[in-house]
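Quick note on the numbering used here: the sequence shown kicks off at 193 and runs consecutively.
Careful: at least some of the hints might be erroneous.
What the hints assert, rightly or not - Listed next, the in silico BS3-like pairs over lysine-lysine satisfying Cα-Cα at most 27 Å (straight line):
1. K546 / K514
2. K401 / K578
3. K356 / K668
4. K241 / K578
5. K680 / K667
6. K356 / K484
7. K241 / K214
8. K197 / K668
9. K668 / K726
The hints are simulated quantities; they were obtained by calculation from the structure and are not laboratory data.
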Amino acid sequence: MNIFKKLLPFAVIVILSYFSYKPLLGPGFFPIHDDTQVARVYEMTKSLKDGLFPVRWVEDLGYGYGYPIFNYYNPFPYYLGGFLGLFGIDALLATKTVMLLGILLSGFTMFILARQFWDDLGGILAALFYVYAPYHAVDIYIRGDIAEFWAYAFIPLVFYGLWKTFKEKKFVYVAFTSIIYALLIASHNLTAMMVSPFLLAFVIYLIAKNKKELIINSLYLFSSLFLGIIISAFYWFPALLEINFSNVLSQIGGGADFRDHFVCLPQLWTSIWGYGGSVRGCTDGVSFMIGKYHILTSLILFTVSVIFIFWKKNSSLINKEKDKLLLIIIAFAAFLTSVFFTLELSGPLWEFIKPMEFFQFPWRFLLMASFFSSFISGGLLLFVFKFTKNINLKYIWPAFIFLFIVSVSLKFFVPQIKLSKESADYTSDFNLKWTASRISDEYMPKNFIKPKSYNEIKSFNSLRGTDIVLQSLSKKTQEINLELNVLKDTSIIFSIAYFPSWKAYVDSNPAEITNKDGQILIKVKSGLHKINFKFVSTPVQTVSNLISIAGILAITIGIIYSSRKHE
Numbered sequence: 193m194n195i196f197k198k199l200l201p202f203a204v205i206v207i208l209s210y211f212s213y214k215p216l217l218g219p220g221f222f223p224i225h226d227d228t229q230v231a232r233v234y235e236m237t238k239s240l241k242d243g244l245f246p247v248r249w250v251e252d253l254g255y256g257y258g259y260p261i262f263n264y265y266n267p268f269p270y271y272l273g274g275f276l277g278l279f280g281i282d283a284l285l286a287t288k289t290v291m292l293l294g295i296l297l298s299g300f301t302m303f304i305l306a307r308q309f310w311d312d313l314g315g316i317l318a319a320l321f322y323v324y325a326p327y328h329a330v331d332i333y334i335r336g337d338i339a340e341f342w343a344y345a346f347i348p349l350v351f352y353g354l355w356k357t358f359k360e361k362k363f364v365y366v367a368f369t370s371i372i373y374a375l376l377i378a379s380h381n382l383t384a385m386m387v388s389p390f391l392l393a394f395v396i397y398l399i400a401k402n403k404k405e406l407i408i409n410s411l412y413l414f415s416s417l418f419l420g421i422i423i424s425a426f427y428w429f430p431a432l433l434e435i436n437f438s439n440v441l442s443q444i445g446g447g448a449d450f451r452d453h454f455v456c457l458p459q460l461w462t463s464i465w466g467y468g469g470s471v472r473g474c475t476d477g478v479s480f481m482i483g484k485y486h487i488l489t490s491l492i493l494f495t496v497s498v499i500f501i502f503w504k505k506n507s508s509l510i511n512k513e514k515d516k517l518l519l520i521i522i523a524f525a526a527f528l529t530s531v532f533f534t535l536e537l538s539g540p541l542w543e544f545i546k547p548m549e550f551f552q553f554p555w556r557f558l559l560m561a562s563f564f565s566s567f568i569s570g571g572l573l574l575f576v577f578k579f580t581k582n583i584n585l586k587y588i589w590p591a592f593i594f595l596f597i598v599s600v601s602l603k604f605f606v607p608q609i610k611l612s613k614e615s616a617d618y619t620s621d622f623n624l625k626w627t628a629s630r631i632s633d634e635y636m637p638k639n640f641i642k643p644k645s646y647n648e649i650k651s652f653n654s655l656r657g658t659d660i661v662l663q664s665l666s667k668k669t670q671e672i673n674l675e676l677n678v679l680k681d682t683s684i685i686f687s688i689a690y691f692p693s694w695k696a697y698v699d700s701n702p703a704e705i706t707n708k709d710g711q712i713l714i715k716v717k718s719g720l721h722k723i724n725f726k727f728v729s730t731p732v733q734t735v736s737n738l739i740s741i742a743g744i745l746a747i748t749i750g751i752i753y754s755s756r757k758h759e
């Protein structure tokens, strides 16, 4: 019975969130802005099957020349899809499963956080606000940004971990927080950058809340975030230090210049729901609503909290719930800060804080606005219960509010159109090497010359060079073996995108690799040769892997030590 009681709120969230994930059920898929998701899951599965781990390189994307997408782009959600693929689940179903799990996780994590302050019913309400936030629908069914909405799901859990670390002062919560923070970073580095200042502010608030234990609180709280950074080093360290081996920096400016993507204030309240893109001004083809009820509920609770704290100091509500009322005020300030950074009014700060240009779109801060407004909204039932004396109404009110939030929000969680597509449509050679590759080719070398058509893509079977006969070829993601009959000394361009992880061997002897128009070139003397290419860790990747392993060992040792200490 006790287990049933604990699981019941999660079951309620699954049921009431049904309309948010309903389009993912059944066959087919729908068009999204980043229509590379199925291809990426497929390629992750393929790399894992070939024994590559951690996965940094994929074989077919990048116009068939391969590229190190997961050296730069957020890998965690794709690992989930990739591991599902290892069990025989096709790429489309694996992708939809990852999306569905990300939606449900956002509700679960907000419930876990919010119930610490608003109890179970308030936690469920906050979870529904969070799941049904309009920007969440944009991320899922319009933008199709799996990485971002998985990071969205981890945000509440990091705050929860910090809160429990502060309350319990047990190393197990330090370990928990560090792992979740690492998953947040590995899910979407830009969201991690965005949320981190808010996390630091929360840490400072918690430390100031109990100055008597300032040192121990500082040690535990800052350690939890620091260890999260260490554990995720396998990803962010190479992404940062090896960025010049890709064309990722080309994504800053141009059509993704933050100056062109500020939100107009009225758009935060209401805007036409569309499936288009973001443009300069107020005529975007996509909605940037926060949610009317998110705004109204947060504003009402903030106003009531201010009234009770500053004008009704002798109220019984103040005596019992002062900390919660203060938290509402602080969360509302964070909400306003998030909104501020979506507006052109914040432009001078965007110009001054240079790393913010990596965010590309100021409206990404709607993630944080959705988080804070949803968390605050869970406090609504605190006031309902305080001012409702009829015991029956205490159960009727939550049910009514739950159903109301679902009914007014479900209209947003609908794709533009449902397509009768199968996994094979997304994993065909043409889609991988041309359609999906054209959508996202920023992970290719800067000097790579893009093919102008699918027919221009060269394979190993059409090796360029003079007097070369291909005798045999075997390939997998991280290793390529060829036997060539070279009639005279020549330089050969191989259909592999240049990246320093690739090492070449001719007859087992190391060969020098040259970057020729973004592809690998080696010199080969005349004769019959066995040529081998291996994808290995660069020194930067090796160090980053070791740092992550050290972080995992640190929390493992910490858990063992702390558990023995408390025996």
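For each hint, the structure was consulted:
1. In summary, the hint linking K546 to K514 is not supported, as the alpha carbons are separated by about 39 Å, beyond the 27 Å threshold.
2. For the given pair, K401 sits about 25 Å from K578 by alpha-carbon distance, which is consistent with the 27 Å threshold.
3. For the proposed pair K356 and K668, the alpha carbon gap of about 46 Å is over 27 Å, so the pair is violated.
4. Only pairs whose Cα atoms come within 27 Å are accepted, and K241 paired with K578 is rejected, the gap being roughly 57 Å.
5. The hinted pair formed by K680 and K667 meets the criterion: a straight-line CA distance of about 25 Å does not exceed 27 Å.
6. A distance of roughly 32 Å separates the Cα atoms of K356 and K484; the hinted pair therefore is violated under the 27 Å criterion.
7. Distance check on the hinted pair: K241 and K214 sit about 31 Å apart at the alpha-carbon level, beyond 27 Å; violated.
8. At most 27 Å may separate the alpha-carbon atoms for a hinted pair to count; K197 and K668 exceed this at roughly 50 Å.
9. For the given pair, K668 sits about 10 Å from K726 by alpha-carbon distance, which is consistent with the 27 Å threshold.
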